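Chain by chain, the residues run as shown.
Protein chains: 2
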Amino acid sequence: MIDRLHQILGDKGLITDPQEMRPFLTDWRDRRQGNAVCVALPASVKEVSLTMKVAAEEGQPVFPLGGNTGLCYGAVPESPSPKDKPGIVISLQRMKQIREIDVAANIATVDAGVILAELHEKAKTHKRQFPLYLGSEGSAQIGGLISTNAGGTGVVKYGPMRDLVCGIEVVLADGRILSDLEGLKKNNTGYDLKHLFIGAEGTLGIVTGAALRLHPENTNDAHAWVSVDSPESAVRLFTEFQEKCGAYVEAFELLSGTEIDAVVRHIDRVHVPFDTVPEWSLMIELTSNDSSVDLNGVFEEILGENLENGSVLDAFIATNSQQAEQIWHVRHSVTEANKLEGMGMVHDVAVRVSKVPAFIAKAKEVTAEKFPMATPLLVNHLGDGNVHYILMFPHDYWKSLSDPDAVTHDVQTCVHDIAASFGGTFSAEHGVGRKLTDELKRLADPLRYELMKSVKQTFDPENRMNPGVLFE
Amino acid sequence: MIDRLHQILGDKGLITDPQEMRPFLTDWRDRRQGNAVCVALPASVKEVSLTMKVAAEEGQPVFPLGGNTGLCYGAVPESPSPKDKPGIVISLQRMKQIREIDVAANIATVDAGVILAELHEKAKTHKRQFPLYLGSEGSAQIGGLISTNAGGTGVVKYGPMRDLVCGIEVVLADGRILSDLEGLKKNNTGYDLKHLFIGAEGTLGIVTGAALRLHPENTNDAHAWVSVDSPESAVRLFTEFQEKCGAYVEAFELLSGTEIDAVVRHIDRVHVPFDTVPEWSLMIELTSNDSSVDLNGVFEEILGENLENGSVLDAFIATNSQQAEQIWHVRHSVTEANKLEGMGMVHDVAVRVSKVPAFIAKAKEVTAEKFPMATPLLVNHLGDGNVHYILMFPHDYWKSLSDPDAVTHDVQTCVHDIAASFGGTFSAEHGVGRKLTDELKRLADPLRYELMKSVKQTFDPENRMNPGVLFE
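Going down the list, the sequences are from chains A and B. Heads up: the first sequence begins at 1 in UniProt numbering, then just goes up one per residue. Heads up: the second sequence begins at 1 in UniProt numbering, then just goes up one per residue.
It is worth saying that the hints were derived from the structure and are not from the lab. Model, not experiment: these values are computed from the prediction. The reader is advised that the hints may include incorrect statements.
Covered, in the sense of this in silico footprint (three residues per stretch, anywhere, with C-beta under 8 Å from a C-beta of chain A), are these stretches of chain B [said to hold, decoys possible]: (1) 186–198; (2) 292–298; (3) 352–363; (4) 387–398; (5) 424–430.
In this text, a Cβ means the ideal position worked out from N, Cα and C, and glycines have one as well.
Chain A extracted, bound-state conformation:
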């Protein structure tokens, strides 16, 4: 098989040396390592197709690898059973061409190996933006972002990756190429198959290219940090912003005082523009591509009224870019601060925006009783109903535990169950991967789970596409 692959891929396209293969087999946090016969680095869709045909003939599992930035081990090549063949890792890092920017149609056609930050730059030269914004944009690849339906901070305005993909090119398990990169805004000729591959985590095929929706660049922005007394008040204010200027809301983040406290304790150059740290902080960004709109004026009007009627306790509107950066510096320092603060159990749940306050109240009540040593820290993409509910245990306490894995499991089950009781999900944006397959089986509607398995069976009857992901 190696010889056949070598003929297809050439010297540059195939790695078999265990030492060289290592970075392709290990997750980026170095927590889990997989195994493979070889790493294939095809340079074209054709080469992916031929590689897949060889894999099919040899009965080898295939493990697609994007930028390796996932949090759920979806890209670690681990066959579910020791009897399985070790398989082929396919990385598209050599397929990194931005094939076309169509300004009138607002579409970028790209190879799956393009790195998100490169697309951001390219779009900018055409006065466009590709509005998917997340921490790993310097290494995350388009193919992986599609396969995991990536989210990030722009979802409230632009939607997740699913809403930004208007066409895809996929190589199926048998090597055939399914391609529609026209990205038509209207096309009613049967089933829309592309949505099956978006968020499928590589279990149905390998995304090799995409037509992506661009948006006009924003020429105008405004930023505010607002103190409110409760999540209820935060949701009320979100609703008001939606009504009065919904099209401007680019970020609407809700942080607990406990989280801000942690940032203040551990991070440099943190400036809180209030006398005391608010119990609940909203960080809001408004944007527009109409440069004539007075976005600070919009802030002043809505926040002014709410200060008067008491719904808002205090508000700080940035008057220059430095002040705006000060606000977002706090938000972006959360991960670093939490690492220093203690052992944080992060959850990525989502409920409807309207149910966020009730979910938070219930989660705080239950976890206070069950895990009295832990402090809840909350970082919420409120506009999406996405709650990162973090239970923070002191380092010393955590080290004293005889079975920390059991506690981790208990905490996770507890928080996921509460989200489920509000109709919510246990994985809003991080996916399932190999980490949460048990939770998917436990919490998914059994009929949906069965139908998902039927779809998997239809597209990948031999279960060779990223086996071990999604399903146990």
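Guided by the hints, dock chain B onto chain A, whose structure is given.
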């Protein structure tokens, strides 16, 4: 079987009298009539489920019927083979409850039998809009609109039905109920099955309920009629509007002078605000929910510059609602005018916005040569790349034809082929139904067609769900 259905549905829920059944078996233009054992009118999801279980046990085909406003005979109960059983029509007209309006989450949860106009009204009472706007909104039902992925005039700003559905409830062929009506903005836990049912034209299951995305009401609008010299200039202007105020563009329609002439000839109270009918007319609507934005000012700035540099020949900006109505009266009179004008062969093709000018040029060239008796009339949702290319034959000429069906077929094939040569689709918003199954087979990518059949087989192995639709 009738007895069993009667027990489930009661007197009000079952029609077996041929005379009473007739309106349920005939398309609204009275062009095609089907056949059925009975018409079931379930009053709840449970009743739909039980009805489907009976149908499954009896091996009866099932024909879902919405508001019966389709143009492709997707709702006419015709079994593809005379050997098939005649089947059961299921209408959800008794399921018309708006179950919930969640203002903070911007979600309406509705029964599939709710009529679009009723949802419009209800949303308004909550300062929200459900931005799907089309001619048949007084009778079209939500279930049918989802099953056909309906489009209309708001697509350029809000997307088609697919973009407005955040959760669905479906009864499968075997009667089981697949339901997720939470409508979470973020949920990455495996395959997104709802997109398979959207636009499936009832071939995979019966949509009984939906969670739909509401938008804030617009408090601000502006309207203009612009004269340009070519489709190229129209696309350039569209691109400029996208860049400078993309979030405001609610409608961007391009009409040929030949189409306006037909309206002027046949319709009353038509006012053209220019000395002569423009060769190409753009009708543009801008909207915003920020009442402080000066939308007429935006028009003046962009159109003013383009008048100066010659890209725009003339422009009329409405200064009051009466003038706005005058503009849209022309647009909305197209169908009526064309009926009087002659025998119009309407096509519903779409290409990328950037390819619209080349498509139009090619189509005009080819059809002028092949069908010299016909005049091309163009009505385009330019912002969506959706071209209603209408070939208008004089009534007298048409009546003189010995085989008009053959000409109809030739015209259709010709226009669809040209669209395909530009990567376009033969059905942008009208769907496939029973009318265009040949065209789907002829023009679809064979691999996609095969995969669609596999999906159909997975969800409806006995081919009992709306047989004859999509597939031959």
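A quick look at each hint next to the structure:
no.	hint	in the structure
1	186–198	holds (count 11)
2	292–298	holds (count 5)
3	352–363	holds (count 4)
4	387–398	violated (count 0)
5	424–430	holds (count 7)
Of the numbered hints given earlier, the model fails hint 4 alone.
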